[in-house]
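Chains as they are written, first to last, in UniProt numbering: chain A, 1 to 324; chain B, 1 to 324; chain C, 1 to 338; chain D, 1 to 338.
Read the hints as simulated data drawn from the structure, not as lab findings. Just so you know, nobody snuck in bad clues.
Non-contacting residues of chain A with respect to chain B, defined by C-beta distances greater than 10 angstroms in every case (computed):
no. : residue
1   : Ala25
2   : Leu36
3   : Gly54
4   : Arg75
5   : Gly129
6   : Asp155
Listed below are several chain B residues computed to face chain A (Cβ distance under 7 angstroms; list not exhaustive):
no. : residue
7   : Thr159
8   : Pro216
9   : Ile244
10  : Trp322
In this text, a Cβ means the ideal position worked out from N, Cα and C, and glycines have one as well.
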Amino acid sequence: MTIAPPRPTTDARRAFFDARPADSAAVDLSVRIGSLTLANPVMPASGCFGPSLGRLIPVAELGAVVTKTVFGTPRGGNAAHRLTEIRAGMVNSVGIPSRGAAGYLASQHPLYLALGVPVIVSVGGHRPGEYAPVVQGLRGAGDAYELNVSCPNLDRHGTDIGSDPDAIGTVVRLVRQETDKPLIVKLPVLVSSIADCAQAAEAAGADAVCVANSIPALPLTADTRSPVLGNVIGGLSGPNIRPIVLRLVWLAARAVDIPVIACGGIETADDALDYFSVGARAVQVGTASFGRPFAMVDITRALQERCLAAGAADIGELIELWRA
Amino acid sequence: MTIAPPRPTTDARRAFFDARPADSAAVDLSVRIGSLTLANPVMPASGCFGPSLGRLIPVAELGAVVTKTVFGTPRGGNAAHRLTEIRAGMVNSVGIPSRGAAGYLASQHPLYLALGVPVIVSVGGHRPGEYAPVVQGLRGAGDAYELNVSCPNLDRHGTDIGSDPDAIGTVVRLVRQETDKPLIVKLPVLVSSIADCAQAAEAAGADAVCVANSIPALPLTADTRSPVLGNVIGGLSGPNIRPIVLRLVWLAARAVDIPVIACGGIETADDALDYFSVGARAVQVGTASFGRPFAMVDITRALQERCLAAGAADIGELIELWRA
Amino acid sequence: MTSTTGNTPAAPATAAETPAVAAAREDLAALRRQQAFAAADEAALDGLIAVRPPERRPRPDPVWDDAPVLVHEVVGERYRRLVLATDTIATTALAGQFLMITVPPAEGERILLPRPMAIHRRHPEQGTVEVIYGVAGRGTTALADVAVGESLLVTGPLGRGFEFPDAAEPDAALPTAAHPRPARTALMIGRGVGVCAIMGSVEDAARLGIAATVVLSGRSRANLIGPADCAELGARVIPVTDDDGSSALPALGGRLRGLFGSAPPDVILVCGAGVLARLAAELGAEWGVPVQVSLEAHMACGLGYCHGCAAPVATDPAVEGPLVCVDGPVFDAVLPGG
Amino acid sequence: MTSTTGNTPAAPATAAETPAVAAAREDLAALRRQQAFAAADEAALDGLIAVRPPERRPRPDPVWDDAPVLVHEVVGERYRRLVLATDTIATTALAGQFLMITVPPAEGERILLPRPMAIHRRHPEQGTVEVIYGVAGRGTTALADVAVGESLLVTGPLGRGFEFPDAAEPDAALPTAAHPRPARTALMIGRGVGVCAIMGSVEDAARLGIAATVVLSGRSRANLIGPADCAELGARVIPVTDDDGSSALPALGGRLRGLFGSAPPDVILVCGAGVLARLAAELGAEWGVPVQVSLEAHMACGLGYCHGCAAPVATDPAVEGPLVCVDGPVFDAVLPGG
Ligand SMILES: Cc1cc2nc3c(=O)[nH]c(=O)nc-3n(C[C@H](O)[C@H](O)[C@H](O)COP(=O)(O)OP(=O)(O)OC[C@H]3O[C@@H](n4cnc5c(N)ncnc54)[C@H](O)[C@@H]3O)c2cc1C
Ligand SMILES: Cc1cc2nc3c(=O)[nH]c(=O)nc-3n(C[C@H](O)[C@H](O)[C@H](O)COP(=O)(O)OP(=O)(O)OC[C@H]3O[C@@H](n4cnc5c(N)ncnc54)[C@H](O)[C@@H]3O)c2cc1C
Ligand SMILES: Cc1cc2nc3c(=O)[nH]c(=O)nc-3n(C[C@H](O)[C@H](O)[C@H](O)COP(=O)(O)O)c2cc1C
Ligand SMILES: Cc1cc2nc3c(=O)[nH]c(=O)nc-3n(C[C@H](O)[C@H](O)[C@H](O)COP(=O)(O)O)c2cc1C
Ligand code: FES
Ligand code: FES
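The following block holds chain A by itself, in its conformation from the complex (with noise of 0.2 angstroms):
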């Protein structure tokens, strides 16, 4: 057996990383997070990334990472199947396996520091009790949390905790006792107010709201009509669901001071431009980096460049100059 010595060979992920825009003086992308300043305001959606993206893209060209949510104690996931795609989007039910916090510390904390941006670690919990001991678990690991609340509530018949108000400021409450990083909440689509909740979150001290978690579907095997995942019930997300977070985003924006942050359905500058329209100071990315794995830095380029072309110092300069 003879090992062919390496030759040189090209591909355009290779291009993708060399076409590195210079950093312009004249445009301010950053985004304040309560205490942590983010260089630009793009970043994954919790479980639509890992560490190993880091390998197909440059991820130093985002604001933030997010993790997959940890939860106090390991879990498996669901059953297969865990994923599918129909005319409406992707739909998605994991279930969330997780190492737990000290299995996150051991094994993924590493990976993702080593990525050289902010990491936003996301925590669950299936009680409003449960997700500050996971903080606590974290060790002070993170640069701030996600507190993801789109959990069935166990103490309430499985409505998720992020329906109620009044969970999500227990939530809330909790978590700041245990740490003085910055606290985003994620709220899920299906609550009857969006505003009420997002108070919720601003008046027990999170820094920031996340709007929105993947909207509940249940997608049917076209044969059959039996159910497709596993789990019966999953997560819709993709471009369908942006008109229904778009909404969401308008009236949080409207309703707090502290930051939103926009999720579901982004794909391109265009999109990210359309939920700052309405009042988002900040972007997560989940979907369409699966199909494009440089969507996130795509958009974060292309903002700088709009910008520059535009002669706005920042996106709400740009955002004025269509206005006019």
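Since the structure of chain A is already known, use the hints to place chains B, C and D with the ligands on it.
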């Protein structure tokens, strides 16, 4: 000026009327909503039907018709644009113009009565107490009432009445004092717990729930990112909302014993069967009628044919056959 | 979002401007022009629109049909022409009525709402109608993919069209304000695809012996709709275009005043731009002749039941205003206070 | 929903049965057969799958690339072959690794998730790879529309492929349970598009001088994937098909026992059906040779971060099980308790 003698002309509408299938004694599509028996489980969604459709389709083949929502006092509609179509679906913010109960009785109800099928009058209000007076004002007209509780509750800073189980209960109890006719409560999508809402309706004496109304959304123009709709917010409808509503119907059907009427993105008999397979007992067709006015009648006919062909006596048997 | 620029225009170009920056500036300038145009067009209709008095004859019953596509071809640089075989509609449609065309699903593109389109020509003998449309967005883009031989689901004829004064009853009565004298001459003004709405009236004029003068307005000669139709129908054509400035409002108004000042037409029919409707209303007021205008609105049903197509008529907020699909698309255009 | 039929099959046909009823009955019967087949295939994997011991050599780094489509043609009756120019992947991919192919948007059809596809052939000299796929649903239907000359966004090489025992270090050590003797002969079994996953190993066998016997299974001769590839690579082919019964499990098992009973292969590699994986595991147990199987799962990322591709391996509910995209797609297949 000479007037040409009329010559016989032909069109597909005429052929469709003529193709009316014979009723088969072997198949029973009937469904009971309280004291009312519908010959089949297919009807229009409120706001997506008018007596003028009777010129285009054999309305007598439907199980019932549902009127546009009637309010107590006359209201204009929203500013233009009142509707648009985006990739995610249709979005409307008609604003429910209404001539009030008296105006409906005088100018609309006679046209509905002439259609020869049960008339379900949709009733709206902006406070829980506003529904019963409308029903009173209808003076017994209509075979059943659908209470459209997807309206902002002016008593509670604009949160939908239908997202609050207590308010739902109040609406139903007050209307029940006015009428013995079947009451259907039409629920919104953006609620914390559809099961709680459906149970509140059932407990207060409703005969059925309709799941669900359109999903609030905010469409923006591509160029200046300004709202397309005069009212900024509109209701998203059409096939992309189906997987979201399927889950709600599944949850509602498990939560209550009264029939669940499914509404959301139904275009074909297959779509209707999806809903039947998760527990719906009747279906409403909205957006699909705009593009294919005969969609509802097509579904009714196809349900009968499928049962016949599979040797099933009713839709329940048809579904069991796949699962066997 | 805070901004320091407020309403100031984009900063002027500097020597160091890159091509990307220059392109973005041009985009922004184009957007501004378009915004200004749309705003002017909308403002022009302000207070101008009134529902027409009740019709004297019932409208034809609408039907839906699976209409085979006999011709589907590019017209000029911007438009496409469809010839549809749809016997009942071709035979019954009145001038200025419209169709709802359901765009068939293709390659996963699903268009939910039918698209309203004027009936450009009726050929009752052949049982066909013609539609001319511009590719504007998702729906018309998908429509452009339909092949000859396929069928389109169409519903029509819909709405209330243009009517010549007393044309229905040519020898009815002496002219009064409510019943002006039967039309003997007519001025039609159409711009872009708006020409399609008035072509049925050009057909009627030819049939009724009314002398028709048709202003065809568009960006350029190559993009005018209707010259051949007008020639066939024996109408006098006044082509006006943006590229030579002849379509500009003052120029066009001056020309029409010159042509008709001494012998005004008996009626003015207009479609295709709010500013043209206002010009027509001004001329109508000067000449004391009625003006009818065909309007557009986003539509879902076309039959008056979805309440989606509010006409731009100010009404009591507790009363629903007129609907473009059943009370129009043709309305009276009367100068506010006129 | 109440039902009186419960689990009884559809009523037998009567004399008065109409063609529509007969067709519906046939549909129902086909659905039942398909359900039974899918259930058997899933059940066959039960308890069979185990994660392979750690690799001795690191996997190649995945990249993404805009890969021009050089060939896109129909193969047999049911499949399509893509030749993609993607230099780094062609040069680095290991046998049994796969790509994620992003289906480009077309005519409004938006496919969000990339589709996992085995690398059927690697041509490092040309910098190309081949993929063969069947049109299954929305994604592959849209993929079939991609024209030669367009580019496809692909990510790869991904996952853990097939490995010959100690092929990486052919002269490493004496055979033990953990380190079986270096392969000199190999049996590969592929069915349908599952053949694609094993063809890289047929390539490796040719390069390493391992005698390969390849069972190609499919519905009919015209639908077999791989005969030409195997001929080119000098592998012995055993074609088996459904239409002549040769692909039936007992027939195939008997034939392989006859061929290999006295001189078993050093390894069995299998892909394309759960029931074939179980047959291979049975043969492996009889012959005392290792069996590797490549599995499918719905995937989003292909990189181990979305946790969407759970492998069918029972684990402690508090511990996440293996993922097909990074712990597989190739796993060990060991009879339960074997
Ligand atoms: C009575 C009537 C007659 C018409 N006749 C013609 C004609 O003969 N030729 C022609 O080219 N066009 C005509 N139009 C305009 C035509 O309907 C629109 O260009 C078309 O609906 C645009 O659809 P789209 O999907 O391509 O655009 P999009 O912008 O993607 O459409 C989004 C939504 O807005 C609606 N919409 C957008 N623009 C218009 C508009 N101008 N009018 C009404 N709805 C709109 C669409 O129907 C759709 O629901 C007519 C409109 C009306 C109301
Ligand atoms: C590692 C691996 C290698 C594969 N190699 C090949 C190959 O070489 N040739 C080939 O034809 N097929 C191969 N497949 C299967 C191929 O990925 C599916 O046929 C394809 O994803 C179906 O997509 P669709 O949109 O046409 O079907 P749809 O049923 O519309 O897909 C709906 C969703 O389910 C997923 N899905 C459906 N079926 C499968 C499946 N069998 N496997 C994985 N996901 C599925 C889709 O990706 C999509 O997310 C492979 C699968 C895996 C996991
Ligand atoms: C595969 C997958 C896994 C996800 N996991 C999580 C999670 O662990 N925690 C969380 O808060 N959201 C999770 N989400 C939701 C996303 O973060 C995001 O809110 C949602 O997908 C909507 O954004 P998108 O349309 O851009 O995908 C997940 C989504 C997907 C598709
Ligand atoms: C134009 C339009 C008008 C509507 N008006 C009403 C209404 O008056 N009352 C009501 O309860 N729902 C109304 N709806 C909601 C529909 O009844 C239905 O719940 C929704 O459209 C979802 O069904 P679909 O996807 O089949 O359209 C309206 C929907 C549309 C599209
Ligand atoms: S389009 Fe429906 S009312 Fe006019
Ligand atoms: S496909 Fe994402 S973890 Fe395997």
